[in-house]
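Residue numbers (my numbering), protein chains in the order written: chain A, 1 to 157; chain B, 1 to 246.
Hints may be right or wrong, so weigh each one.
Computed Cβ-Cβ distance ranges for the label pairs, DEER-style [what the hints assert, rightly or not]:
hint : chain 1 : residue 1 : chain 2 : residue 2 : range
1    : B       : R70       : A       : D95       : 41 to 51 Å
2    : B       : G240      : A       : V99       : 36 to 46 Å
3    : A       : G80       : B       : T178      : 43 to 53 Å
4    : B       : L142      : A       : P81       : 37 to 47 Å
5    : B       : L142      : A       : T97       : 21 to 31 Å
Covered stretches of chain B (chain A as the covering partner; in silico rule of three or more C-beta atoms under 8 Å from a C-beta of chain A) [as the list claims (entries may be wrong)]:
hint : stretch
6    : 128-140
7    : 150-164
Derived by calculation from the structure, the hints in this document are not laboratory data.
Note that the coordinates shown come from a computational prediction; the quantities given were computed from them, not determined experimentally.
The C-beta atom is built at its ideal place from N, Cα and C for all residues, glycine as well.
Residues per chain are reported as follows:
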Amino acid sequence: MHPLRKTRPLRRTVLACAGTVSAFVLLLSLKPHSPPEVTAAPAPSSSASAPGGSGGSGSGGGSASGTRTVTGEPVQTRWGPVQVRVTVTDGRITDVTAVTYPRDNPRDQQINSYALPELRSEALRAQSADIDTVSGATYTSDGYRESLQSALDAAGL
Amino acid sequence: MGTVFSFDVRGGEPGAVRGALDAAVAGLHRVDEVFSTYREDSEVSRLARGELTVADCAPEVGEVLRLGARAERTSDGWFSLRHQGRLDPTGIVKGWAAERAARLLAEVPGVCGVSVNGGGDVQLLGVPAPGRPWRVGVADPLRPGGLAAVISTAGVSELAVATSGTAERGAHIVDPRTGRSAVTDLVAVTVVAPRLTWADCWATAAFAMGSRAGLAWLDPLPDTEALLITAGDEVRCTGGLAARLG
Chain A
1 MHPLRKTRPL
11 RRTVLACAGT
21 VSAFVLLLSL
31 KPHSPPEVTA
41 APAPSSSASA
51 PGGSGGSGSG
61 GGSASGTRTV
71 TGEPVQTRWG
81 PVQVRVTVTD
91 GRITDVTAVT
101 YPRDNPRDQQ
111 INSYALPELR
121 SEALRAQSAD
131 IDTVSGATYT
141 SDGYRESLQS
151 ALDAAGL
Chain B
1 MGTVFSFDVR
11 GGEPGAVRGA
21 LDAAVAGLHR
31 VDEVFSTYRE
41 DSEVSRLARG
51 ELTVADCAPE
61 VGEVLRLGAR
71 AERTSDGWFS
81 LRHQGRLDPT
91 GIVKGWAAER
101 AARLLAEVPG
111 VCGVSVNGGG
121 DVQLLGVPAP
131 GRPWRVGVAD
141 PLRPGGLAAV
151 ISTAGVSELA
161 VATSGTAERG
171 AHIVDPRTGR
181 SAVTDLVAVT
191 VVAPRLTWAD
201 CWATAAFAMG
211 SRAGLAWLDP
221 LPDTEALLIT
231 AGDEVRCTGG
241 LAARLG
């Protein structure tokens with residue numbers, strides 16, 4: 001695509017394995033046992049994020065080589081809406097913040113004080129040169145991930 | 001609330017990879033449709049109600065039930081295909097489906113590496129780049145942002161990393177013997193094995209067993225290593241885990 005573009009060493013490592021394709025998909029029902037009454041799922045049509053699927057509501061701009069921020073779509077979770085904003089610099093995620101998250105009660109605040117930094121570092125870590133992906137018990141983070149992915153889609157990452 | 005699958009495919013002609021990815025994603029949606037216990041009209045729901053026989057269902061249903069029966073035997077019933085007496089194969093479906101998707105993607109000519117992460121459970125095939133292994137961080141359940149370990153695929157062509165735990169909102173693993181949330185001293189169990197289908201089942205079973213019985217059961221399983229973290233922040237692992245750390 002950009003035959004004349006100078007590539008940085010990291011970029012070259014990736015290109016050495018010609019072409020990287022990534023995608024996210026959200027499935028609604030495949031999860032460990034939990035009481036059905038609390039698994040109020042959003043409508044499949046609005047929450048499935050297949051490859052090349054719906055983008056987020058992009059906000060902010062800037063060229064592909066500069067720094068820009070993109071806000072993902074708000075995603076309903078059983079505890080309230082979650083919305084994520086990413087900052088992209090030179091094609092890499094440099095920050096992830098939650099602009100909207102459940103904080104109606106002390107328990108929510110307690111959980112989010114744990115979960116949000118964890119999810120932020122997970123997102124940053126997952127694209128680091130050292131770690132390809134993260135294994136862990138995830139439960140509340142799906143709305144966050146979904147909003148994050150819509151932001152990444154909108155950012156063209 | 002569902003499970004997010006993420007895919008990372010290295011190598012291959014982009015158009016061919018994109019096509020395989022579309023097929024893999026369609027396969028996951030179909031699995032969701034067939035196996036969902038939340039959809040009253042899914043084949044598994046109808047099977048559970050006795051409206052269908054296994055022979056009437058998609059061939060994948062029979063395959064998953066056979067695998068699940070094997071998991072029940074190997075785990076001495078700690079892994080179960082039933083929930084509150086009702087047929088519920090969701091405990092095995094996610095790992096099985098993610099592994100199947102990964103294998104489908106790896107078949108594309110020129111693809112050198114595939115990583116599929118289904119809700120924190122990962123199947124890795126090949127390498128991300130020549131001379132470099134896949135590296136998977138294991139989230140530390142007791143330290144936000146920290147890693148308890150890093151697992152590497154160095155020296156093997158396929159590896160899965162599955163973690164079961166209480167997660168942020170309390171226990172979601174059911175003890176098949178009592179039908180209630182598992183009483184365990186563990187906050188997380190990570191199992192490392194070639195196939196995600198089994199790694200996922202073994203992590204679930206070992207979590208319900210607790211650290212002592214879980215470790216004793218996991219240690220002799222062939223090609224299977226594990227990291228167990230207790231609520232008291234004690235870390236225990238199988239004898240061969242060190243060879244998989246990177």
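Going down the list of hints, with the structure as the test:
no. : hint                           : in the structure
1   : R70(B) <-> D95(A): 41 to 51 Å  : holds, 45 Å
2   : G240(B) <-> V99(A): 36 to 46 Å : holds, 45 Å
3   : G80(A) <-> T178(B): 43 to 53 Å : violated, 32 Å
4   : L142(B) <-> P81(A): 37 to 47 Å : violated, 28 Å
5   : L142(B) <-> T97(A): 21 to 31 Å : holds, 24 Å
6   : 128-140                        : holds (count 10)
7   : 150-164                        : holds (count 6)
Of the numbered hints listed earlier, those contradicted by the structure are 3 and 4.
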